[in-house]
Structures are given as C-alpha cells and as structure tokens.
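Visitor: Chain by chain, the residues run as shown.
2 protein chains.
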Amino acid sequence: MASRGPSLPRITDVAALAGVSTSTASKALNDTGQLREETRERVRRAAEQLGFTPDSRGRALSSGRSFTVGLITTDSSGRFSIPIMLGAEDALSAGEMGLLLCDTRDDPLREQHYLRSLVSRRVDGIIVTGRRTEPRAPIDVPIPVVYAFSPSTDPSDTSVIADDHGGAASTVRHLLSLGRRRIAHISGPVSHHSAQTRAAATVEAAAGALVGEPMHGEWSERWGRHAVDVLLRTSPDVDAISCGSDQIARGVCDRLRELGRSVPDDIAVTGYDNWSVMALASRPPLTTVDLELEELGRRTANLLLDAIAGSPHRGLMELPTRLVTRESTLGT
Amino acid sequence: MASRGPSLPRITDVAALAGVSTSTASKALNDTGQLREETRERVRRAAEQLGFTPDSRGRALSSGRSFTVGLITTDSSGRFSIPIMLGAEDALSAGEMGLLLCDTRDDPLREQHYLRSLVSRRVDGIIVTGRRTEPRAPIDVPIPVVYAFSPSTDPSDTSVIADDHGGAASTVRHLLSLGRRRIAHISGPVSHHSAQTRAAATVEAAAGALVGEPMHGEWSERWGRHAVDVLLRTSPDVDAISCGSDQIARGVCDRLRELGRSVPDDIAVTGYDNWSVMALASRPPLTTVDLELEELGRRTANLLLDAIAGSPHRGLMELPTRLVTRESTLGT
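Just so you know, the sequences run in chain order V and G.
Each residue of the first sequence is one higher than the one before, starting from 1 at the first, in UniProt numbering.
Each residue of the second sequence is one higher than the one before, starting from 1 at the first, in UniProt numbering.
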C-alpha cells in the first residue's frame, strides 16, 4: 500500500497507541462490550490523534447493505437530470447513502453493463432518470427501483413525474386572470410527450379564449421567432402567447420586440421550465413554470429509501409545479 | 431480505441447481481449482439460468480496493463540473470503477462530512472540482487526489486545468488573421481569476491592435449590451470585440444589431466557453473557445487511476483549448 501514499491508520495502530488489545480498541470505538469509561476514552483519544476512520465496508457487509444507490441517466447534457440528481444526492447523503453516477448516453448496451455492475456492487436501490417525459421500458433488477421524470411503462413500478398538465393549465389561468382573451400556444415537436401534454392542457384551460391550433416546431428560440411571424399573419389581434419552453418564449419576445409589439402591454408571453439562463435573460424576463426538479429528486430518493426499508409505494406520482410570475405578463 | 422484493440468487442456489457443492460452484465461476470442463460448464449454465451475479464486494475487500472514486464538486448549477464529471465517469467506468457524487454546495462543513464518509468507504481516490478557476485549499486525506478545473494551491498536488491564456490568445490571433486591427475586450468581474487571465492574454496577443483597456463587468448578456454602448462612445471605429464569455458575446451581438452595426462585416465578435445554448442561439452564431471539459474530466480520471496504481504525476497540467469558428467572425 506504500505506493498509494501515506497509508490509513489501522485499528492495530490505535490499540498500540492506547496500550490496549485490538479487540478492546474495537469494542471501545463501537461502544460495545464491558469496558471502563477511562479505557474507552483513551482509545477514542488515540483514534482521534491518529486520524483513524472506521472502515464502513465491514458494517455494510454485515448489514447486508452497501449504503449506496445507483443513478442511471440518459441525459448527457443534464438539463433535466442534473437538478434531479442533486436533489436525490442531497436526500441520500443525509442518511449516509452514497450515489453512484451512471451515464448511459442513451446506449442500451451501456445501460445493461451498468445494471450488472450495480447489482454486482450490491447497491441498495436504483434511480432511473432521463431527458424525456415519455414512459420508458422498466429495468429488470432484483432490487428496489424508482423512476424519475421519465416514468416506467409498468404502472406497478414506482415513478415520480412533474404535473405537466397542471403546469401548462396554470399559465393559461394566469393569462385569463389578467384579462387576456385571445391566447395562442407555441410549443415543441408534436411527437414529444411533453409538448402534447402541455398543448392539451392549454387547449382545455383556454377553451373559448384559444386562438387557432397549438403550433408545434423545434424547442428553440429560432422556432419561437419564426412562429410569431406566422401567427401574426393569421391572428394579428392575439393578446397572449403561452409557450412550451423558455427557449421558445425568449424567441417570441425577441421577435415581438423587433416588430414593435410591446410585451406584455400588447401581448403577454409565458415560458415553461424556469431555466434561469433563458427566463431571466429574456427581454422582458419570463413568467414561467418551475418543474421543481430538485424537489422531484428528493422525493424520488425518499421513495427509494422507503422501498429499501421494505415499504414500497407503487404507481405514478405527479408532483405539483410552481408558476413564477415576472415582467413578460405583469409588466414593470 | 424478502421485504426488499425478490432476493438475489446466491452461490448456494447455483450449486444446488448444478448438483455440486458450494465450493465447487465457487471454483467453477472463479476459474480456480481443478475441475472437469464439463462440471465448470454445468455451473456456468446454472448461474446464467438463475441470473446469478457474483458479489464484487468480496473482491474489493480482498484486494484492499473499493473500485470506487469520490467526486467532490462545489458547482451546484453544474455548468462547468457536469461535463468534467461525465468525462471522468466515462473514463472510470471503462475500468469498472464507480463514481460517487458529492455536492458540497460550497459549504466547508458539508465538504468535511463528505471527506470522512469517502475515507470511511475506502474509496480508491478523490476528484475535486468546482465552478471557479481560482486555486483552492487542498483537501487532507490519505488517498490519491486530483484537482480538476479548480487547481490546488499546493504545487506538489496533481491539478488539471484548461489553458485559459492560450484560449484567449487564440481568439485574438484569429481576429488578427482576418485583418482586424482595432480589437476591444469585454469580460467578467476583474476579481475573477478567469477574467484576469483572459484579459492579460488578450492584451499580450493584441499588442498594438488593442483598443482601450479591457472592460470588466458581470458575466451576463446585459453587461455585454451595456458595454457596447460605452465602447462605441469612446471608440466608434472598433472592428472586433473579443469577449470573456459566450453570454457577454451574445449580448454584444444583440446590441450591435439593434444599433445597425453588422456582425462580422462592421465588427467581428468572439465568445468564450462554447456553451451551445448561447453560442449557437446567438445571432449570428459565435466563434468561441471550447474548454474541452469532458476531455479534461477524462484526463483527470486517468491521472487519478495512475496515482491509485502507484504512479502519481505531480504538478499543474494545462490542457489545450479549441477555437471553434462560426459566423460571428467568418460571416455567412
């Protein structure tokens, strides 16, 4: 071990310094056995002096647990999975549980490799997350699993997702409460589950106040700018635009400004995601929906801890989103 | 274990199905001992049929290694540490090493807690990273450590950083090669190491072509827009602006367009970071510097693996950056 730099102090070093046997030192540090308090204290001081740290792997082996959880993600760019991961890590670390990161890069072979490795490490459970809200095929492992953001197609699995329907409806109700009565919807690809859900919720909540059909395109600022041109040709009297993402909403605001339309005086605009780099940099800053992904990660971790403790909660859990109001609807 | 769902098949189950003793099954699966090939094959088939996965923790304990590395990050938002982490994870997983994520949220007490936990788990080494390029105080653990992006203040530690000086110089050389001779520099806070380094490199590389002093402000689009107004009052004949970040450069491009100045025909603009959501969404898309952070993560992991294997490389290693050219300097 010398090659690894200064070696870790061992229990035998602690025992030698305290002048006791190894088994006495072990009992003193584990608060077991019958020892005089003075002896226990001497061993504790020796351990402290040497910087001795007990080997938690022994505890893990004897308890049948590794105090480790695996996180499988397909989201290399991390826009959605990073806050989920940080929330999960926060909740797990409070219980001395470690989080092993496994980035599959959307490669099924890589996912299989990670699952074998995690099972072989005897992790106590696995969190599965991804970048899309489409349900995904469940993983086949004999340990507890919770799906976050990308739910499992199996309804008896435990999945935690954001309430996209409620989130989109909340922006429309906000626009209606401000007196807007000609609301258009511009969103991402119609093939995306999240774009479909948000569009359906918008249509339902806007009812008679909806202008035209939901407009689907890319998740990009460019599409937001282009969609404004199309929209104003057919519906020049629109007074609000609810967008499927902050990127689209930012493009919408930029184009409206270029065309001399004031946001929100002429047209109120809402985004979706509360992605600060878009929502705050937008001119004006965006009223938007926060998916509360870090909280989603915490809830996921706590559900997994319950399952590990033998009390699984099965089914799909939808967490509430939060409407964040800013100048794009309220003005200055 | 019943409470944890279906329990993992054990070596005893494999032995029973194959009709051999547990020790024979173990020898067969570990390719040790003297067994007939037929017996070995029967055990392998039984293991496969049951989905038996060997417990890697035994190997870890007997080898004195945990095949696990801890990653300490202070970068909750993850802009810089996420690609480093993914690169490290990629390099480590190839060697069956797991990466334990520890997000300290810039809290020194939390960092201490994580360090104790990682040492107690007997991780084989630790990667320390952060959001700033300022050198940071080293951590005190008796196992190999490599610092990534945020180097250690101790020059005998192993640190891997991006060559910010070379990166900034490469944008100026590019502008000079395009015939630009009146180059201004707009960057982030003068208190930030990265802003200082990039400004110094720009001043040196631009020499007589530099217009005025480097301008320092926020890392924001808003500052980029404001700085353009200030700059054009004092130096209306500037023909290039090198920026300390893509966010600043995007704001610069927006303001120039609003003022009727063409990018790059009138004024060429360069960014820094190659942050796609800024660099590609900018109008026009930005020529910028890619810090190659994922590669930096891979190199960090490989240096750590060398140190774990007993061959540490000490000192500061600067990795080359990559100039990415786009319309903001080249035009369409």
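Hint data in this document are derived by calculation from the structure and do not stem from the laboratory.
It is possible that part of the hints are untrue.
[Claimed, not checked] The calculated label-pair distances, taken between Cβ atoms and stated as ranges, are:
1) V:GLU318 to G:GLU213: 53 to 61 Å
2) V:SER262 to G:ARG257: 27 to 35 Å
3) G:GLU213 to V:LEU178: 43 to 51 Å
4) G:ASP106 to V:ALA207: 44 to 52 Å
5) V:ARG222 to G:GLU258: 40 to 48 Å
6) V:ASP107 to G:SER311: 40 to 48 Å
[Unchecked claim] If the Cβ cut is set under 8 Å, some of the chain V residues that face chain G in the computed set are:
7) LEU35
8) GLU89
9) GLY98
10) SER117
11) ILE139
12) GLU221
[Claimed, not checked] Chain G stretches covered by chain V per the calculated footprint, using a threshold of three residues with CB under 8 Å from any CB of chain V:
13) 92 to 102
14) 191 to 205
By construction, the Cβ of each residue, glycine as well, lies at the ideal position given by its N, Cα and C atoms.
Visitor: Look at each hint and say if it fits the structure.
Guide: Results for each hint:
no. : hint                             : verdict
1   : V:GLU318 to G:GLU213: 53 to 61 Å : 54 Å, holds
2   : V:SER262 to G:ARG257: 27 to 35 Å : 19 Å, violated
3   : G:GLU213 to V:LEU178: 43 to 51 Å : 47 Å, holds
4   : G:ASP106 to V:ALA207: 44 to 52 Å : 47 Å, holds
5   : V:ARG222 to G:GLU258: 40 to 48 Å : 18 Å, violated
6   : V:ASP107 to G:SER311: 40 to 48 Å : 31 Å, violated
7   : LEU35                            : 23 Å, violated
8   : GLU89                            : 5 Å, holds
9   : GLY98                            : 5 Å, holds
10  : SER117                           : 6 Å, holds
11  : ILE139                           : 13 Å, violated
12  : GLU221                           : 5 Å, holds
13  : 92 to 102                        : holds (count 7)
14  : 191 to 205                       : violated (count 0)
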